[in-house]
Amino acid sequence: MPYLPAGLPLPQPTDADAPFWEAARRHELVVQRCTECGTFRHSPQPCCYNCQSFNYEWVKIKGNGVIFSYTNVVHPVHPALKDRVPFNVVLVELPEAGNVRIVGNLVDTPFEDLYVGMPVEVTFDDMDEGTTLPQWKRAS
Amino acid sequence: MATGIRDKVVILGMGCTKFGERWDVGANQLMLEAFREALADAGIEKNQIQAAWFGSYADEVSVGKSALPLSLALRLSEIPVTRVENLCATGTEAFRGACYAVAAGVYDITLALGCEKLKDTGYGGLPGRSGGPTQKSQWAPGQTAPGIFAQLASAYAAKYRIPMEDLKRAMAQVSVKSHANGSINPKAHLRRAVSIEQVLAAPIISYPLGLYDCCGVSDGSACAIVTTPEIAKALGKKDLISVKSLQISVSNGREAGHNDWDGDHFVTTAKASKRAYEEAGITNPRQEVSMIEVHDCFSITELVTMEDLYMSERGGAVKDILEGFYDRDGKVPCQIDGGLKCFGHPVGASGLRMLYEMYLQLQGRAGERQLPNPHLGLTHNLGGGPSENVCGIAIVGSYGA
Numbered sequence: 001m002p003y004l005p006a007g008l009p010l011p012q013p014t015d016a017d018a019p020f021w022e023a024a025r026r027h028e029l030v031v032q033r034c035t036e037c038g039t040f041r042h043s044p045q046p047c048c049y050n051c052q053s054f055n056y057e058w059v060k061i062k063g064n065g066v067i068f069s070y071t072n073v074v075h076p077v078h079p080a081l082k083d084r085v086p087f088n089v090v091l092v093e094l095p096e097a098g099n100v101r102i103v104g105n106l107v108d109t110p111f112e113d114l115y116v117g118m119p120v121e122v123t124f125d126d127m128d129e130g131t132t133l134p135q136w137k138r139a140s
Numbered sequence: 001m002a003t004g005i006r007d008k009v010v011i012l013g014m015g016c017t018k019f020g021e022r023w024d025v026g027a028n029q030l031m032l033e034a035f036r037e038a039l040a041d042a043g044i045e046k047n048q049i050q051a052a053w054f055g056s057y058a059d060e061v062s063v064g065k066s067a068l069p070l071s072l073a074l075r076l077s078e079i080p081v082t083r084v085e086n087l088c089a090t091g092t093e094a095f096r097g098a099c100y101a102v103a104a105g106v107y108d109i110t111l112a113l114g115c116e117k118l119k120d121t122g123y124g125g126l127p128g129r130s131g132g133p134t135q136k137s138q139w140a141p142g143q144t145a146p147g148i149f150a151q152l153a154s155a156y157a158a159k160y161r162i163p164m165e166d167l168k169r170a171m172a173q174v175s176v177k178s179h180a181n182g183s184i185n186p187k188a189h190l191r192r193a194v195s196i197e198q199v200l201a202a203p204i205i206s207y208p209l210g211l212y213d214c215c216g217v218s219d220g221s222a223c224a225i226v227t228t229p230e231i232a233k234a235l236g237k238k239d240l241i242s243v244k245s246l247q248i249s250v251s252n253g254r255e256a257g258h259n260d261w262d263g264d265h266f267v268t269t270a271k272a273s274k275r276a277y278e279e280a281g282i283t284n285p286r287q288e289v290s291m292i293e294v295h296d297c298f299s300i301t302e303l304v305t306m307e308d309l310y311m312s313e314r315g316g317a318v319k320d321i322l323e324g325f326y327d328r329d330g331k332v333p334c335q336i337d338g339g340l341k342c343f344g345h346p347v348g349a350s351g352l353r354m355l356y357e358m359y360l361q362l363q364g365r366a367g368e369r370q371l372p373n374p375h376l377g378l379t380h381n382l383g384g385g386p387s388e389n390v391c392g393i394a395i396v397g398s399y400g401a
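From first to last, the protein sequence lines stand for chains Y and H.
Here our numbering is used: the first residue of the first sequence is 1, the next is one more, and so on.
Here our numbering is used: the first residue of the second sequence is 1, the next is one more, and so on.
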């Protein structure tokens, strides 16, 4: 069972981020890296903020991260979440990718046990036949 | 070689309406109200204004698109009018356009006017934005203004290891001070003083921000007429107030796209203020600047901005605020007119409203709020949220000083 319920609006890939979602569908985590200056960035954007280059590549990473911050959401902002609150949201720092940060949910740990600096690893929630969300679980 | 704006442009006249729930008038009348005051103050005829910049943000709900609303409302004589929009920093952007045109020698006298009529939307807060790169909803869904600024407070407390109750108390003092100032300003939207206990006991809007940590939205208009020092003198003006610096800094994605920003301050404000001090020839802002008006959309915004303006040390704003450094009788009074929190926030007018208070103070015309001997005032006008924003800074002061 995915961490988030069916009925939520799912990502609508754009030119800039479609490869990210395609990789997630294959249960792979990829991060954008500028091929001019080597700076990682996330969320996906067409242009590097550091050197303004439009040239980039997608780097596949293992998906080991560290919780940078987290919160507990109690207000159901969408009707599909009515019976799902409270749920956690985590901001994960990725040392494998220049320490960029990525937002997700920690799917296997009670909120009380979350802490900043907690090691986590990526897991994948298949939401429907077309969309997979990269999510997080306690590092094994 | 460019030499900046310092002392090239002076303010000839300014006007500002009462801010608030102005059900009694439309946007047209608000513009006219501010403009008439400025025109009388400048002592010129309307037809001496050669070009105008019009600032409004939410064109869909208040004044309408294009520069037409201003030209129509003031019945300008088919002069060039440009509409500008730069989120909540729109007012400063309009002022910048008018000043640059004079500094360039293209026009003798120009007008900058900002207006917004937000109460007509019928609900609280700001209307939703219309997409584009600042509205990446699929990466950050369900954002609200209090929600994203609340994260600034959490990040600030975490970074400097400040207990949340201490930060809450300092944020409360920010609002208590602004309410005290607003209570003696006849043009302010909210005119009641509040106590620190009331602020701390208020309902939470988005943790840790409570009701009094958030500014509302208002109806209102403010404007400035600017010219060169030579023309102002020829018009018989004395004790001129000149523009010392005008800076804008705009995010490029660095904050949201990487981890070298901890969510605890404004990257743009630090850059814009540094450039502004250089342009104005200020080396020690904490000692040299007499007074400031900053973009206190939320109490925490004002708190961290004190550090991005190099007024307080990094991590030191809490102490300065609780010691009264920014109170009206403190070393660098902040929000002397009540700020966004109490004077109000009609988005497109706010940057010009801030300048209006600086202008009154520098001329000794601020009534009950008058400071003893101000000579240099800074305004800070911010649009967007902590991770992606537009920061406008203006410094004004006595001409030649």
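If you're looking for bench data, these hints aren't it; they were derived computationally from the structure.
It is possible that part of the hints are untrue.
Distance condition first, Cα-Cα at most 30 Å in a straight line; then the derived DSBU-like pairs of lysine-lysine [said to hold, decoys possible]:
# : chain 1 : residue 1 : chain 2 : residue 2
1 : H       : K331      : H       : K319
2 : Y       : K62       : H       : K237
3 : H       : K237      : H       : K271
4 : Y       : K137      : H       : K159
5 : H       : K159      : H       : K18
6 : H       : K319      : H       : K274
Hint check results:
1. A threshold of 30 Å between alpha carbons decides the hint, and for H:K331 with H:K319 the separation of about 14 Å falls inside it, so the pair holds.
2. With a C-alpha separation of about 70 Å, the suggested pair Y:K62 and H:K237 falls outside the 30 Å cut-off, and the hint is violated.
3. At roughly 34 Å between alpha-carbon atoms, H:K237 and H:K271 are farther apart than 30 Å, so this suggested pair is violated.
4. Distance check on the hinted pair: Y:K137 and H:K159 sit about 25 Å apart at the alpha-carbon level, within 30 Å; holds.
5. This hinted pair does not check out: H:K159 and H:K18 have alpha carbons roughly 40 Å apart, beyond 30 Å.
6. Taking the CA atoms of H:K319 and H:K274, the gap is near 23 Å; set against the 30 Å cutoff, the hint holds.
Figure legend: structure checked against the earlier numbered hints; hints not met, in rising order: 2, 3, 5.
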